Each structure stands twice: as C-alpha cells, then as structure tokens.
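Below are the chains, spelled out letter by letter.
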Amino acid sequence: MRVIIVEDSVLLAEGLTLLLTTEGHEVVATVGTAEEFHEAVDEHRPDIAVVDIRLPPTFRDEGVRAAVEVRRVHPGQPILVLSQYVEQTYATELLAGGGGGIGYLLKDRVARVSEFVDALERVAKGGTAMDPEVIAQLLVRRHAHPIDSLTPREREVLSLMAEGHSNTDIAASLVVTERAVHKHVGNIFAKLGLPPSDSGHRRVLAVLAYLSGV
Amino acid sequence: MVRRTVTATGRLLLGLLLVPLCLLAIAVTFVTLVVSATYLGLILLPYAIRLNRGVASLARRNAGAWLGRPVTASYHPIRGGILTRVRVVMGDPQTWRDLAFLAQHVFTGPFGAIPAIALWGALGWALSLPLWWDAFGPGRHIYLPWALDSWWTVALTVPLFMAVVAAVGFRIVPLVAEGLAQLARSLLATPQHVRLAERVAEALDAHGYELRRIERDLHDGAQARLVSIAMRLGIAERVLATDPGKAAALITEARLSTEETMTELRGIIRGMYPPILADRGLPGAVAALAARSPVPVETETDDVGRLPAAVEAAAYFVIAEALTNVARHSSATKATIVVRRTENRLTAEVTDDGRGGADEDGGSGLAGIRRRVSAFDGETTLTSPRGGPTTLRVELPCE
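Protein sequence lines correspond, in order, to chains A and B.
Those letters in the first sequence? Residues 9 to 222, by our numbering.
Those letters in the second sequence? Residues 12 to 410, by our numbering.
Hints are supplied without guarantee of correctness; some may be wrong.
Covered stretches of chain B, going by a simulated chain A footprint (3 or more residues, C-beta under 8 angstroms) [said to hold, decoys possible]:
(1) 266–277
(2) 287–293
(3) 301–310
No wet-lab data here; the hints were simulated from the structure.
Computed from a predicted model, the values in this text were never measured in an experiment.
We put the beta carbon where it would ideally sit given N, CA and C, even for glycine.
Work out the full structure: start from the sequences and follow the hints.
As structure tokens, then:
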C-alpha cells in the first residue's frame with residue numbers, strides 16, 4: 009500500500025515509517041501540517057493516510073478537522089487518525105461524513121503491530137477501525153437500556169462489531185465458529201430493534217449511531 | 012433626616028445594650044486567660060473565644076445594618092485536639108481584633124448613646140414645657156437665657172428650642188452612628204489583604220498537594236515501569252543469540268508493559284489538565300463529559316470564550332465530579348448542565364431529577380468540590396431536598 013504519514017513529531021513519524029516499511033508498505037510522503045496533508049493527498053492519492061490528531065500551529069484537534077476536510081474534497085479517501093487519547097465526540101465527527109474508510113485509534117495500538125496493520129488494511133479497503141476505548145465509552149451509558157439485556161458474549165460481539173471487525177475476524181478472536189457469530193449478531197440486532205445489516209461499514213455506522221444516539 | 016436619625020438612635024441604643032455583653036465576654040476571657048496556666052483554662056479558652064465571637068457577630072450585624080452592607084469576618088475554624096484548638100484561637104488575628112473591639116466598645120458604646128439620648132430627651136423636655144413651667148413658679152429652675160414667665164414666652168420658646176436642638180442633633184446623631192459603625196467595621200471585618208493572604212495560602216497548599224500527587228504517580232508508576240521495560244530489553248539483547256525464545260518472551264513483556272505505561276500516563280494527564288479542554292475549550296469538554304455519562308445529560312453552554320486554564324480545569328473537574336455523583340448516588344433518569352458566563356463570573360449548574368437528600372459530609376466528593384472552588388474565591392451552593400431535585404451550582408470568578 010502507498011501510505012502518507014501526517015505527524016509533526018519526527019520520532020513518531022520515523023517509528024511509523026519503520027513499522028510500515030517493515031510490513032512491506034510504501035511511505036510516499038511524511039508531512040507535519042494540515043496544509044501539507046491536503047497537498048500530499050492531492051499529489052499522491054495514497055491508499056491510506058495516517059494522521060496524528062495534534063498538529064501545528066495550535067496542537068489541538070487539527071488532525072480531526074483536516075481529516076474531515078480532506079474527505080469532503082476527496083470522498084472515500086481512507087484515513088486512519090491516531091491520538092494519545094480518544095473521545096467519542098471525535099469519533100462521531102469523523103464518521104459523520106458517511107462513507108467507509110475511516111479509522112480512529114489510540115497511538116498505543118501501534119505497539120500490537122499485527123493488529124495495527126490489520127486495522128490499517130481494513131480502513132484502506134473501505135472498512136472501519138474504531139478504538140475499543142471509544143466503544144467502551146459508549147457502553148458505560150444508560151440504566152434500563154436494551155443493551156442490558158445482552159448476554160456478556162453478545163456484548164463482546166457488539167463491541168468487536170462496533171470496532172469494525174468482520175464476522176470472520178470476530179469468530180477468530182473469540183475462538184468460535186463464524187456461524188455462532190452470525191447467530192449472536194442476529195440476536196443482538198433483534199434485541200436492539202435494529203434492521204439486520206450485512207458486515208462492513210454500514211453495520212458499524214448503524215451500531216455506533218444506535219449507541220451514541222440514545 | 013428624621014428617619015435616618017431615628018435609625019441611628021436605634022443602632023446606638025442597641026450598641027449600648029451590647030456593652031454589658033462586652034463586659035461579660037471580656038471578664039470571662041480575662042479569667043480564662045489567667046487560669047489557662049492550668050489545664051482547665053486551656054480547655055475553657057476556646058469556649059471563651061466562642062463567646063467573644065458571638066458578641067462580636069451581634070456587633071457585626073448592628074454595624075452592617077447601619078452601613079447597608081454586611082460586615083464579614085473569616086475565622087480559622089476551631090477544631091482538633093485541646094492544644095490545637097488553643098493554638099488556632101490564639102493564632103487567629105481576628106481573635107485579637109474582636110477582643111480589641113469589645114474593649115473599646117465598653118467606652119465608645121455608652122459615649123455613642125449619649126448624643127442620641129440627649130437629643131430625644133431635650134426634645135421631650137421642650138414638648139413637656141407647657142405642662143409644668145408654671146409649677147415651680149415663673150423663671151426658676153429652667154436653664155434658659157430668658158425667664159419663662161408668661162404663656163407667650165413658653166409658646167415662643169418651645170418651637171425655637173426644638174428647632175435649635177433638632178438642627179444640631181439630627182446632624183450629630185447619624186454622624187456618631189456612622190463613626191461607630193465604621194470603627195466596628197475596621198476592627199470586626201477581616202481586612203481584604205488578610206483574606207487574600209489566606210486564599211493564596213490555600214491555593215498554594217492545593218497546588219503543592221497536586222504537585223506531590225503527580226510526582227508520586229510518575230515516580231511509582233510510569234518511571235518504575237520504564238525501568239522494568241529497559242531491564243527486560245537489556246536482558247533480551249544479551250540472550251538474543253543464545254536463547255531466542257526467552258528473548259521473544261521478554262520483548263513481549265516489555266511491549267505489554269509499555270502499553271500499561273501509556274494508559275497510566277493518559278490517566279495522569281487527564282487528572283492534570285484534560286486534553287479535550289485544550290482542544291475544544293470548556294463547551295467541547297462539557298459536551299464530551301455529557302456524552303460519556305451513564306445518565307442522559309442535556310447541556311446548555313454559553314460560548315464562554317477562552318478562560319484561564321486553571322478556572323477551566325476547575326469547572327471541568329467540578330462538573331465531572333458532579334456527574335459521577337449523579338450516576339452513583341442519585342438514581343436520576345436525566346441531568347442538565349448549564350454553563351454561563353456573566354461579566355467576570357463563570358457559573359456552572361448541574362441538576363438531576365434523582366431522589367435528592369445529598370449529604371455534604373457523606374464523603375460524596377462535595378467537600379472536594381467546595382475546596383477546589385474556594386481556592387478560586389468561588390462559591391458552591393448545593394440544594395438537595397429529600398425527593399429531589401438536586402442542584403449543584405458553582406460560581407468561579409474569571410477575568
């Protein structure tokens with residue numbers, strides 16, 4: 009894959025480059041500001057952009073704003089946003105534009121290289137990668153909520169679904185058959201009163217919208 | 012003018028009534044101080060000081076009512092063991108200022124009442140003249156430059172005398188009341204600079220406590236973990252050639268430990284100054300808090316603009332703590348956050364529809380909120396009738 013890195017910290021940019029090239033991907037550009045990010049996307053049309061949330065000049069949430077803006081100009085441009093902390097509000101903003109190919113992960117996740125690369129590839133293919141922390145923030149809510157009626161296993165499946173994993177991935181990480189996952193998913197949608205939906209980005213959106221919209 | 016003089020007279024007479032109380036308080040304090048060479052005296056001393064404070068607070072109310080604005084003092088709270096209590100009351104400058112007030116009031120109180128009593132006495136005397144001027148025989152025993160020897164002299168004298176007395180008295184009596192009230196205020200109100208000094212001391216205390224907490228968290232947590240990571244990597248490096256399996260295990264451990272360290276550092280940073288505050292300011296941060304609350308929350312936030320970071324953080328932590336309380340104790344089904352900025356004040360209000368009856372002393376973090384807010388010279392108000400609703404309101408000054 010052809011990747012651009014938007015990260016103002018040289019240390020982290022180098023680390024990411026090392027990681028990605030080691031995994032066989034090509035880093036076509038490394039830039040440090042939102043403006044250069046726009047230019048780099050225009051120039052290289054990368055398969056995916058990995059973007060730090062804090063960028064000069066204010067070091068606040070430029071990364072989120074830039075990601076939303078770039079995707080407005082180039083709909084569907086896959087972007088993976090990395091941050092030292094996650095907020096559900098940012099996740100909502102990133103997803104608001106619609107369309108797949110969006111990821112939002114804690115920087116910590118980079119340490120689990122294979123999982124990180126999986127997420128990266130998923131997003132590049134138009135899928136979704138939401139950090140488990142975001143999902144955890146969404147799941148703490150609400151007394152007397154239909155979510156309470158889910159079994160612990162179903163909650164696990166729901167979380168993984170919301171993070172953007174496919175049924176195959178979920179089956180693998182829970183060590184169950186894909187058919188079992190399929191059954192859980194059916195139960196979850198029935199219990200929450202959601203229209204059944206295939207795997208992929210639309211499903212993630214439905215679940216996340218349901219969780220944050222109550 | 013008449014009204015003001017009547018009020019002044021009332022205040023001065025109340026001041027006169029305070030004189031015996033002052034005497035009593037001084038006597039009790041004196042005796043207690045004398046016997047405080049013994050243990051018994053030390054036990055009694057704080058109570059004697061409480062009596063002083065009681066009398067002083069009556070005088071404060073009297074002076075405040077005349078001045079039209081409250082006269083307030085801040086005392087160091089009396090608590091702790093016997094010796095601590097003695098040290099607190101003896102070390103509180105307001106103790107001695109109170110005592111000074113009581114001592115001077117024994118003199119100024121009666122002197123202040125003299126013009127008031129004289130004024131009304133003289134007016135009463137003049138009014139009663141027509142009744143008795145004739146009784147002692149004309150002209151005698153009445154100290155006037157002219158003799159009262161006929162009805163018409165009396166008829167002229169009464170209004171003339173009253174006019175003169177009133178002209179003088181109605182000016183002097185309010186003046187005396189004003190003077191005594193100012194004197195009382197100068198002794199009984201804790202001076203601005205003392206208050207400021209106390210607040211600065213509190214703020215420094217809180218700040219020092221925070222620094223120590225952060226130091227401890229970093230030292231015992233992140234730093235220790237980094238050492239263990241470095242150790243594992245060092246060993247892995249050494250055994251890489253001879254025992255690749257062991258090296259791999261050590262590296263995995265090091266990575267896991269790194270992840271834990273990052274989680275921990277995030278927690279510490281959040282406790283210092285939540286990143287969302289830096290990113291989005293108070294409105295954005297409050298929205299994020301509301302989004303992650305287990306109880307549904309409606310927010311109503313003014314565009315408060317940028318505030319001093321410390322004030323922003325204080326407001327944020329207070330709201331966070333309040334929401335935690337709502338989720339934990341109130342059984343509420345919904346809550347509302349209102350954040351407003353008026354001129355130089357930031358107001359935050361958290362209301363829930365829960366069962367109410369929130370207890371200040373119940374260890375529910377309310378004491379912490381109060382401490383945090385008072386360090387900024389802010390105000391905390393909690394209304395929580397049994398059955399709800401509960402409203403926590405904090406006001407923070409901000410420039």
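Here is what the structure says about each hint:
1. 266–277: holds (count 6)
2. 287–293: This one holds; 4 residues, not fewer than the three required, reach chain A with a Cβ under 8 angstroms.
3. 301–310: With 6 residues in contact (Cβ-Cβ under 8 angstroms with chain A), the coverage given for the stretch 301–310 of chain B holds.
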